[in-house]
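With these hints in hand, go ahead and build the complete structure from the sequences.
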Amino acid sequence: MAVTCGPDGIPQWRRRTPRGDLLAWAGWLGAVALTMLCFHYISERTIWAFVWDAPAQGADLVSRMFPPRWSYAAQLWRPLWDTINIATLGTALAVLLGVPVAFLAAHNTTPSRALLRPAALFVIVASRSINSLIWALVLVIVLGPGMLAGILAIALRSIGFIAKLLYEAIEEIDPTQVEAVEATGAGRAQVLAWGIAPQVLPAFAGISVFRWDINIREATVLGLVGAGGIGMQLQASINVLAWPQVTMIFLLILVTVLVSEWVSARVRHAVI
Amino acid sequence: MPGDAALLSVEGLSKRYPTGDLALDDVDLQVPAGQVMALIGPSGAGKSTLIRCVNRLVEPSAGRVRLEGEEITGLGATALRRARRRMGMIFQEYALVERLTVMENVLSGRLGYTGFWASWFRRFPRRDVEQAFRLLDRVGLAHMADKRADALSGGQRQRVGILRALMQDPALLLVDEPTASLDPRTSRQIMRLLVELCEERGLAAIINIHDVALARDFARRIVGLRAGRIVFDGPPEALDAEVLTRIYGEEDWSRALRRPEEEDAEEAATAA
Chain A
1 MAVTCGPDGI PQWRRRTPRG DLLAWAGWLG AVALTMLCFH YISERTIWAF
51 VWDAPAQGAD LVSRMFPPRW SYAAQLWRPL WDTINIATLG TALAVLLGVP
101 VAFLAAHNTT PSRALLRPAA LFVIVASRSI NSLIWALVLV IVLGPGMLAG
151 ILAIALRSIG FIAKLLYEAI EEIDPTQVEA VEATGAGRAQ VLAWGIAPQV
201 LPAFAGISVF RWDINIREAT VLGLVGAGGI GMQLQASINV LAWPQVTMIF
251 LLILVTVLVS EWVSARVRHA VI
Chain B
1 MPGDAALLSV EGLSKRYPTG DLALDDVDLQ VPAGQVMALI GPSGAGKSTL
51 IRCVNRLVEP SAGRVRLEGE EITGLGATAL RRARRRMGMI FQEYALVERL
101 TVMENVLSGR LGYTGFWASW FRRFPRRDVE QAFRLLDRVG LAHMADKRAD
151 ALSGGQRQRV GILRALMQDP ALLLVDEPTA SLDPRTSRQI MRLLVELCEE
201 RGLAAIINIH DVALARDFAR RIVGLRAGRI VFDGPPEALD AEVLTRIYGE
251 EDWSRALRRP EEEDAEEAAT AA
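First to last, the sequence lines map onto chains A and B.
Quick note on my numbering: the first sequence kicks off at 1 and runs consecutively.
Quick note on my numbering: the second sequence kicks off at 1 and runs consecutively.
If you're looking for bench data, these hints aren't it; they were derived computationally from the structure.
Since the model is a prediction, treat every value here as computed from it, not as a measurement.
Each hint can be trusted.
Residues of chain A clear of chain B, computed beta-carbon distances all greater than 10 Å:
(1) G6
(2) M36
(3) L133
(4) E172
One-sided excerpt, in silico: chain B residues whose CB lies under 8 Å from chain A:
(5) R82
(6) F116
(7) W120
The C-beta atom is built at its ideal place from N, Cα and C for all residues, glycine as well.
Right, dumping it as structure tokens:
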């Protein structure tokens, strides 16, 4: 970058020119100053008395949360099962709808770059830009409270996620394998099934279980807005300040998430 | 017309890529049935483009290609797929569908003759499966039929690639650098196998190859391509320093033109 000639005629090299050095330092200085300014702004709008009190408040809440109310678990199995079903059915629906969208969106498989590809990309962006909780909020208003709203909320959010990751995987496949299948005289559908599908299968399995894993976690809060599952119990328990019950729910969610992580890791490992 | 006697007849074929590169410049070529022809030339001379224009994996910009009297250029999608069945293609990096089994890869040569659902459920006619087993046995890979293609060595993969092409019941093989990824011994074995199979079945072949010694040892006819034009067409014996200079450019060709046996003798002498 900065090659200069020393007095003895030997070229000298530095990473930046002196001007570049100055600019880099100025950049760092600016970043630090901005951080300090922001902190000052936040600090002015914080009631510090509450923050200093936080450890005592936290300790108080924890003392009320323990021990968990173990007997409450008996009432939680059903909502927990609902939660898992919401996540699983929602993911399945999203896979069903997301896979065709992915093939329409990938530039090497889309039948029409001018029309269908932008449409598919729009579906992906629209689905991804709205959180499941907000989808659920809207769907509970439209469909009424219950699991169906939860399933659809999960599905609507996941279509974009699955389609986006899958179409990126489709665009990265080895084109010569596809060419080889085309060269045999195979039809379009056969090229898809024999040349492309085998190549994206591992990515597809990984993406689906990854999304299922995320959806289990998301499904646990959907109940807060009335879309079924264990979140409804959480909402009810918080409303009546039944903290030992809240702890019990947290524990169950933790165990469920652990199990789902384990399952998805196993699936991803199996399909390579 | 004299061209009609040939199995493959290429007239005035040109290809200009969207980048502006003229890969093929008014190429005329006739290949009679059963002739094994080597296409040599420097990298970027248009060898790959030429054989890809024959089965229209690359769309030619101008000119005509006829196979068995049928004009390939200008065929609609369905008719092109039908015509491709008569042209088996073999690739440099084998282009097997890596995650499918050896048997599936071999049977994929029949895709052009098999309906979508039959191929989806892997219900190939018994005759095809028997033929596949016979061919696998012929190249010593019958015990590998159920292995995944990515578990095979380079030489084994290329054998599977050859079988896939043969399963198409082709009249012509389009072979793109079959030995470029193989060691010298395996390269010779693969070339020998190719030539033997062509002789057994009366197949014509266009073999792109940049190894001049291999071309000279295994092909009956050599065509030299330089910058998209045919600059040599003759028997292997006619390859001399002058011709090689015409194809590849100025170089001391005296060592490259010795027979392999002479090299062996010299190596033995050096070792002793």
